[in-house]
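Trainee: Here is what each chain is made of, one letter per residue.
Protein chains: 2
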Amino acid sequence: MPRVRAHLLTIGDELLSGDIVDKNKAWLGRRCRALGLEVVRATTVRDRQQEIVDAIHVAAGDAQVCLVSGGLGPTTDDLTAASAAVAAGVGLVRDQGLADRLTDFFASRGRELVETNLKQADLPAGASVLDNPIGTAAGFALDVRSPDAEGALGAGAGAGPGCWLFSMPGVPRELHLMMREQVEPRLRERFELEPIPRRIYRALGSGESTVQHNVEAVLAAARERSPGLANMFVHFRARYPEVQLILEATPGQAGAGAGAGASAAELATLDEPLAQAIGPALYAIEGDAVDAGEGSGELAGLLVRKLIEEGLTLATAESCTGGGVGQTVTSVSGSSACFVGGVISYSNAVKIAQLGVPERVLEAHGAVSEPVARAMAEGVRARLGADIGVSTTGVAGPGGGTEAKPVGTVDVAVATAEGTTYKRLRLFGRRETVRYATIMWALKLIWDQLPGQSSKQTPAPAGSAPAQTAD
Amino acid sequence: MPRVRAHLLTIGDELLSGDIVDKNKAWLGRRCRALGLEVVRATTVRDRQQEIVDAIHVAAGDAQVCLVSGGLGPTTDDLTAASAAVAAGVGLVRDQGLADRLTDFFASRGRELVETNLKQADLPAGASVLDNPIGTAAGFALDVRSPDAEGALGAGAGAGPGCWLFSMPGVPRELHLMMREQVEPRLRERFELEPIPRRIYRALGSGESTVQHNVEAVLAAARERSPGLANMFVHFRARYPEVQLILEATPGQAGAGAGAGASAAELATLDEPLAQAIGPALYAIEGDAVDAGEGSGELAGLLVRKLIEEGLTLATAESCTGGGVGQTVTSVSGSSACFVGGVISYSNAVKIAQLGVPERVLEAHGAVSEPVARAMAEGVRARLGADIGVSTTGVAGPGGGTEAKPVGTVDVAVATAEGTTYKRLRLFGRRETVRYATIMWALKLIWDQLPGQSSKQTPAPAGSAPAQTAD
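Those sequence lines, one after another, are chains Y and X. Following the UniProt record's numbering, the numbering of the first sequence begins with 1 at its first residue and continues without gaps. Following the UniProt record's numbering, the numbering of the second sequence begins with 1 at its first residue and continues without gaps.
Any given hint might turn out to be false.
Since the list gives no way to pick out one identical chain from another, each pair is judged satisfied if it fits inside one copy or across any two copies.
[What the hints assert, rightly or not] The calculated SDA-like cross-link candidates involving lysine to any residue, where the alpha carbons are at most 20 Å apart (straight line), are:
| # | residue 1 | residue 2 |
| --- | --- | --- |
| 1 | Lys119 | Ala82 |
| 2 | Lys23 | Gly429 |
| 3 | Lys23 | Pro172 |
| 4 | Lys119 | Asp77 |
| 5 | Lys119 | Val86 |
| 6 | Lys405 | Val361 |
| 7 | Lys119 | Phe236 |
| 8 | Lys306 | Arg186 |
| 9 | Lys23 | Arg237 |
| 10 | Lys119 | Ala264 |
| 11 | Lys306 | Pro133 |
| 12 | Lys119 | Ser209 |
| 13 | Lys405 | Ser333 |
| 14 | Lys23 | Arg430 |
| 15 | Lys23 | Arg431 |
| 16 | Lys119 | Pro74 |
| 17 | Lys405 | Ser336 |
| 18 | Lys119 | Thr313 |
| 19 | Lys119 | Asp19 |
It is worth saying that the hints were derived from the structure and are not from the lab.
Kindly generate the complete structure, drawing on both the sequences and the hints.
Mentor: Okay, structure coming up:
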């Protein structure tokens, strides 16, 4: 079955000036993947009518679906409706239902409605309205044809005679709601969509090349087993310090042969041998994660759920991360059931007074040292009355490094009723990267101490396996 | 002087599947703005040769510069060099200097060099090498001509006969270094570039519409004063809870007349009347911020510098932010000179034991209340021995809200030697948004207490001015 091709089009000067990072593009891409649409291109243009029209025409010549975000506001630089009308060769028509809704909206807030506000009720003729229950900018769906039957950029195999354009707001929460509730049901109704099976193996504690090397034999054997597995697309993603192995049931990249894709169940048969091959660095296997957040949230979410499940409580003692471990854990809704709190012991005085780190230990070994990391974890566990105490102390940079303890030298310890585990990290990158990596390592080290973790049986000895460079 | 037009081209399946947010696009956009290049379009394509070639041809027909990131690795899905060669109508040639460097690199790390690694030394004929001192992927610069003299998408006014393509790695720190040290000097040498004057007014404590309303008269008067000011582009950006007013010396958007732009000095003459109009919500005025980070870092950076300048120390007592205030303050390098540490008092037990919040106050008023917020700020100030104590306690959601204290109800307090300031916030949005807004408000409330702040003379009374909805 040929897949439905989609273009993404994000509109706004602020996206090209870099004032805003284009998270809408990534979010739409994830939704399309979950739906089973194949996103083949994303374009960002300025708030200029002709440039928007051109981009829509390119989409119409190459894709069956074009998802647009931005340019639906009331001001003169909001040009999406007008541009879509031009692209479709139709005029703008005022939607009376929308105009009434806008009038009510302003009246209910005691604000004056001016003519420019009503501009948001002008849609291309023939468009259907996409409701926006939380904002004034309604979206619309519209069929657009390419002015050039071949498409301006070479039509793809799946390109049909027209393109279904969906125009949505740029405000993320309005976009998300409209996509989920208005656009996706329409797409599912018109097209037979089938999401691509995919499997993600998440590891922390081995570098990308190590993971790649360790799984090579398993993947080679799998490829021999069936045409579906032979065609799977293997991708390694390093989100330092995390490494992900992604298996995708497509016929793969240029060079790979065409043919049937593997089923989700077939991919899952690789879980056991891959877990063996990756070893204790592996902490999660996912079918897909379209609605999941970024990196740290993932491990934090798993950790919080596991802690609650086990009835365990956690406290943090943070130096170089300055509160980041606590913030990451509490980013998970419901974390109050397992997280009691922590101490940010940025200064030595706070390490001594609030955590009971002996002054002589600080003097003898320095703040970034195994004895201090252990004392911090044990101190916060005892003082805050938690089952588990975790500590971070290190040189995040850019200043503060020495020959013995260069920037990126970080000590992490986890204290439990059974004793204290410690790890020395040697991290690379900027301050931000070192701190993020420290947070992730701290979470992983806690994770490894929890009941039922395979890695618990093989704790990392102190000072072993310094961490890897960024991707 | 016509401005030099640029296209951005980011390459990689993971950008379209949404697995990665395209921060490189935003970063390149910011650099271009600082340089004085006009970015007119950004395109993201998959790791497919023909799709990359097509995108390069579009750029060549429309822009004088095309900045490319991604697709320079050693694997089969790294196709930028091969695609650029096809787009330019030349072959690939092995660069012996690069090949030698790769061989040395692998030898020095005791790793085996295989033929696929040497692929990174194959560049389009005629390309010049862009050094990558921190990675194996060298970049290259290449002149490309559009196959169609008119350009596939309608050539812009400034489009010349060819396009200068710069291919850089997708790894951010390698991209950043190469852009700064290799690409920008070349661009400055070939083109006469002039950055566009711009002025940013940052406010926290007023909504977008309030700021807009308050500055209207000042901007109207300014437009009467000179053709440059009449032509300035005014943009409001809401990065909840922050609002920015941006003045840009371009002839502006569609509808505005063409003509001379204002000078930086002319824009700066508006500082005083705009500061008056915006009031105590204003906390910073910037000429430009190309190298600055996102939101919280900005205010955090200002705050840390000011605290150090004043010789003041800070301690944090955090409940709903879970360490986020501490993390944000310590994201600023050098913050150890003013930040002593904090207590994450997520549970009531920690609020009582570590901060000395009286149990009866917690029982009488609940954890989210003015007396608790005050006791937390005063407690952490006293116990950690800091000049300033700041506290956050609130309902971040999605659970935990009541009718009296719905999700988004947050109390923030700042204790100093002169007394304690308190503010009740009513924030909107998801857990993540509420927590971020709380962090920003906490920083602003500290900022307002520092010597020399105009807002210090008009402290916000308790319970006043609930905060605004997201943009």
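Trainee: If a hint holds in the structure, say so; if it doesn't, say that too.
Mentor: Comparing the hints with the structure gives:
1. Proximity of Lys119 and Ala82 under a CA criterion of 20 Å is satisfied intra-copy only: 10 Å inside one chain copy versus 47 Å between copies.
2. Taking the shortest Cα distances, Lys23 and Gly429 sit within 20 Å of each other only across copies (17 Å), while inside one copy they are farther apart (24 Å).
3. With identical chains, the CA atoms of Lys23 and Pro172 are at most 20 Å apart both within one copy (8 Å) and between copies (17 Å).
4. For the homomeric pair Lys119 and Asp77, the shortest alpha-carbon distance inside one copy (12 Å) is at most 20 Å, but the shortest distance between copies (46 Å) is not.
5. Proximity of Lys119 and Val86 under a CA criterion of 20 Å is satisfied intra-copy only: 16 Å inside one chain copy versus 46 Å between copies.
6. Only within a single protomer do Lys405 and Val361 lie at most 20 Å apart by alpha-carbon distance; the minimum there is 17 Å, versus 46 Å between protomers.
7. For the homomeric pair Lys119 and Phe236, the shortest alpha-carbon distance between copies (19 Å) is at most 20 Å, but the shortest distance inside one copy (47 Å) is not.
8. Neither within a single protomer nor between protomers do Lys306 and Arg186 lie at most 20 Å apart by alpha-carbon distance, with minima of 38 Å and 54 Å respectively.
9. For a Cα distance limit of 20 Å, the shortest separation of Lys23 from Arg237 qualifies both inside one copy, at 19 Å, and across copies, at 16 Å.
10. Taking CA atoms no more than 20 Å apart as the test, Lys119 paired with Ala264 passes in neither setting, with 47 Å inside one copy and 34 Å between copies.
11. In this assembly of identical chains, Lys306 and Pro133 lie within 20 Å of each other by CA distance neither inside one copy nor across copies; the values are 36 Å within and 43 Å between.
12. Taking the closest pair of Cα atoms, Lys119 and Ser209 come within 20 Å of each other only across two copies (18 Å); inside a single copy the shortest separation is 55 Å, beyond that limit.
13. Taking CA atoms no more than 20 Å apart as the test, Lys405 paired with Ser333 passes between copies only; the shortest distance there is 17 Å, against 37 Å inside one copy.
14. In this assembly of identical chains, Lys23 and Arg430 lie within 20 Å of each other by CA distance solely across copies; the values are 16 Å between and 23 Å within a copy.
15. Proximity of Lys23 and Arg431 under a CA criterion of 20 Å is satisfied inter-copy only: 18 Å between copies versus 23 Å inside one chain copy.
16. In this assembly of identical chains, the alpha carbons of Lys119 and Pro74 lie at most 20 Å apart only when taken from the same copy (6 Å versus 51 Å across copies).
17. When the C-alpha separation of Lys405 and Ser336 is checked against a cutoff of 20 Å, the pair qualifies only between copies, where the shortest distance is 18 Å, while the shortest distance within a copy is 36 Å.
18. Within a single copy, Lys119 and Thr313 get their C-alpha atoms no closer than 54 Å, and across copies no closer than 52 Å, so neither meets the 20 Å cut-off.
19. Taking the shortest Cα distances, Lys119 and Asp19 never come within 20 Å of each other, neither inside one copy (26 Å) nor across copies (36 Å).
Against the hints set out earlier in the document, violations occur for numbers 8, 10, 11, 18, 19.
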